[in-house]
Amino acid sequence: MKKIYSLIMLLLLCTSTYAQNEKDSSSYDITSLLNDEVPSKQKVTATFKTTRIINMQSNETVHKRTLDFRVAHRFGAVGDKSGGNAHNFYGFDNSTDIRIAFEYGISDALTIGFSRSKREENLEGLLKYRLLQQTTDNKIPFSITLFGSLAYTPKNDAAGLFKKADDSNPALKQQLRRITYVAQAIIARKFSSKLSMELVPAMVHRNFVENPLDDNTVFALGVAGRFKFTRSMAFVADYVYNFSDLRKIDNNNGFYNPLGAGIEIETGGHVFSIMWTNAAGIIEREFITNTTDSWTKGGFRFSFNISRNFRL
Amino acid sequence: MKTLLMLTFLIIGEAFGCYAQPIYLAQGAKASFYSYTPVEDIAASSQSMTSVLNISNNEIAFNVPIRTFQFKKALMQEHFNEKYIESDKYPNASFKGKINEIIDWTKDGIYEITATGVFNIHGVDKQHTEKGKLIIKDGKFNITSAFNVTVKDHNITIPKIMMSNIAEVVEVKINADYIPYKKDK
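Heads up: the sequence lines are chains R and H, in that order.
At position 255 of the first sequence the residue is numbered 255 (the working numbering), and the sequence of numbers has no breaks.
At position 93 of the second sequence the residue is numbered 93 (the working numbering), and the sequence of numbers has no breaks.
Mixed in with the good hints, there may be bad ones.
What the hints assert, rightly or not - Quick list of in silico lysine-lysine cross-link-like pairs, DSSO-like style, CA-CA up to 30 angstroms:
#1 R:K41 with H:K30
#2 H:K140 with H:K98
#3 H:K96 with H:K83
#4 H:K126 with R:K43
#5 R:K139 with H:K30
#6 H:K89 with R:K139
#7 R:K43 with H:K173
#8 R:K64 with H:K72
#9 H:K72 with H:K152
#10 R:K194 with H:K152
#11 H:K182 with R:K41
#12 H:K83 with R:K139
#13 H:K131 with H:K96
#14 H:K30 with H:K140
#15 R:K248 with R:K297
#16 H:K72 with R:K194
#17 R:K41 with H:K83
#18 H:K83 with R:K194
#19 R:K64 with H:K160
#20 H:K182 with R:K139
#21 H:K152 with H:K98
#22 H:K173 with R:K64
#23 H:K160 with H:K83
#24 H:K72 with R:K228
#25 R:K228 with H:K83
#26 H:K126 with H:K83
#27 H:K89 with R:K43
#28 H:K83 with R:K64
Calculated directly from the structure, the hints in this document are not laboratory data.
Isolated chain H, as found in the complex (with noise of 0.2 angstroms):
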């Protein structure tokens, strides 16, 4: 009787994890960029990311609505917006694509990883394979990583009279706190 007992119980157990939702959400997460020259330091940051993980087949997506990026110097922010990215009609850039390596999600630690996939800004995909971290802890992931972006792949052009003062390539940090996705909230 003790046996069955024991064994209903891990059958229950045994189901629910089975059932447990591949799926998990980052909100809020950060998305800064930098552009270094000469001339000048340009920083932007948004804390309005929004990522998708399935660890099933780990595939994963960002977006981040452009509009978000705060800028130190509102003037600059507002060129940003209408000028270089075109917010209006270019209201999000995202990333859509696969981590590389084989992971075991059950198990805590940090993990040198990879991701392959198509980014988007301005309307314009562009492929990329890029590092990143990711950390595993209590069933928690954070995933963070730094690539660079050069601007003339996705058709921002700049005015000559600020060539000096823009990057060609742009760096671009992320970082994300995942937890599981719960569909009613």
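Next up, chain R with everything else stripped away, as it sits in the complex (with noise of 0.2 angstroms):
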């Protein structure tokens, strides 16, 4: 009798529990179970298109392996206060800068560079390291990029510019009174899709400085932002705001805050970017520090960058 009563029991029991979970299996919802399992920390990329906006540096380097050949161009004023006019095609035959530079990805994370401008004759070596990665899930909500590089002029010192008469060691001073240094953070953020900005913390020293009343060390805030209007273009602009004393604008001593303005057209492996700009110099040491035209004398400039990508 025990026996029968066990086994009605085990029997009921278990269909009572089959009925269950039956009803249990019914109401899982797979699709939100899925999405509360999908990852959704993941890097934000392409920030910016290319390593530069127009004269500042974006957060962007190299990607691993590759070759990223750029060569840039700043043609002469437009307008006729800053030297434009017919006879010289309104600035284009006059250069006021070349860059010629081989920058390359050792990891996704670093690239070094060399360049070489015509303005001041300028060598530079860079260094780029891309300290953090903004995250789609706003974790981390921006990218950092630090940005370090080391000019050297080789022009001839005929003036006798960086000699002094009580150099100690007068061949070793002459040389590094040629040498200037940089260095920014590069603080940046993609809205979306389409609207990505940064700002750029950065500091300019240079070993020598001919007027007397500069400071050897320059401080500056840029910011720039880029505005994708179709999926392969883009509008770009940057300005950088001068610390320094001697470059106030209001203090009118033929200084100005370098603005820049254009189109990014992307092609396959290739970036162009065509703008207008004040600045004369390509490099930060003579875009930053340099600038000595202004937008409302004409003193803009026809420019453009193109960058290059060889997977090596």
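Since each chain sits alone in its own frame, please combine them into the complex, following the hints.
See the structure below:
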């Protein structure tokens, strides 16, 4: 009797649990379950299309084992107050700077580069390191890239600019005076697939300055943006504000803050940037501290940057 | 008394069996795709696909974040995300559907299966019925499948200049290992 009773109990129990199970299983929403399990944190890529905006660095580095060959031109100023006229085709005949650069991605985070510019005959070595990358879940809301460069000018010193009478080791001192350093932190955010912006605190240190009123170390803050209006074209703009007293616009010392605006076109491995800027020089030590043309006086010039990527 | 004890064990065992979760989860599953043209072969793969399987009603769902697809060429990966799939707008590819065959999920073996459901990439749904293979071993499952996706079906436009480099039909392969789903990990 007991046996039969137990068996009935067992059967009852199991049917009841099976019934429960069926009810539970149909109430599972596997889509929401799946969404809970999908990793939501990914790195935000392509904040900017290339490593430069117009004058300024973007937070982008060169991809691993890729060589970025860059050619940049700054032509003469357009307006007649700044030297542009019909005879030089509004600046086209005068190039104020030409830069040729090779920049290589040792890893996705670290870029090394070397360049030569026409202006001041600058030879430049650069390092760029991606410190932090924005994530899609916004736990890291922005990207940070560090930039450092050293530029050396081998220009002819007939005027004895780099010489000083009381030098103890004149040959070495004269060489050191030709060197300039730049350090920047590039803080960028991709707000949407179309809009990216960045802030760039910058420092330029020159071992030697001609003007006794000038500081060797100059601080500046850059701001830049990119707005994509088709899948391969974007508006780009950047501006650098100088904190140096000598370069305050109100002080009328002939220095201006560099402002650039233009269009960026991407075609496969090429990026073309076609723009106008009042900066005559291309590398940081030139456009941050030595911009002497003003937009209001017609001192803006046609310019372009070309970047070509080769996978090595 | 002996029989009573045995029955008690049976009841407990049976009860546990009945309460077992019908949900299985695959994490870090593989998804890859191939585009073959005379000019160029392109391949990319992700190890970040997630899938959920409900063995009580054969429902199955997959999701893979687009950004996790790795290409050999970094620039190609950038173009894939930025220009073609627009991963900022459409971050995931997904499939949700049902396995059509009646399967005894407790029996080890290799089964040819088909699944019918909706495949979504680039924000565009497309009905699919695709073949796959199910391996059941020791209460764990492995599902593999290979199927074709027509790029045009999902409003993915390829510029004329790239037409000879990118295939119109892309072959997709998946491979997922399932284990019982535990809510609190």
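Checked hints:
1. R:K41 with H:K30: Given that 30 angstroms is the threshold and the Cα spacing comes to 18 angstroms, the pair holds.
2. H:K140 with H:K98: 19 angstroms, holds
3. H:K96 with H:K83: Since the Cα atoms of H:K96 and H:K83 sit roughly 26 angstroms apart, the hinted pair holds (cutoff 30 angstroms).
4. H:K126 with R:K43: Holds: H:K126 and R:K43 sit about 28 angstroms apart, inside 30 angstroms.
5. R:K139 with H:K30: 26 angstroms, holds
6. H:K89 with R:K139: 19 angstroms, holds
7. R:K43 with H:K173: 24 angstroms, holds
8. R:K64 with H:K72: 11 angstroms, holds
9. H:K72 with H:K152: 24 angstroms, holds
10. R:K194 with H:K152: Distance ~24 angstroms between R:K194 and H:K152 Cα, so the pair holds.
11. H:K182 with R:K41: Given that 30 angstroms is the threshold and the Cα spacing comes to 22 angstroms, the pair holds.
12. H:K83 with R:K139: Judged against 30 angstroms, a Cα distance of about 25 angstroms means the pair holds.
13. H:K131 with H:K96: Measuring from Cα to Cα gives roughly 14 angstroms; hence the hint holds.
14. H:K30 with H:K140: 17 angstroms, holds
15. R:K248 with R:K297: 17 angstroms, holds
16. H:K72 with R:K194: 26 angstroms, holds
17. R:K41 with H:K83: 21 angstroms, holds
18. H:K83 with R:K194: Status holds; Cα separation ~12 angstroms.
19. R:K64 with H:K160: Holds, at roughly 28 angstroms.
20. H:K182 with R:K139: 26 angstroms, holds
21. H:K152 with H:K98: 25 angstroms, holds
22. H:K173 with R:K64: With Cα atoms ~27 angstroms apart, H:K173 and R:K64 stay inside 30 angstroms; holds.
23. H:K160 with H:K83: 14 angstroms, holds
24. H:K72 with R:K228: 26 angstroms, holds
25. R:K228 with H:K83: 11 angstroms, holds
26. H:K126 with H:K83: It holds: about 21 angstroms lies between the C-alpha atoms, which stays within 30 angstroms.
27. H:K89 with R:K43: 15 angstroms, holds
28. H:K83 with R:K64: Within the cut-off at roughly 21 angstroms; holds.
Violated hints are absent here; each numbered hint is respected by the structure.
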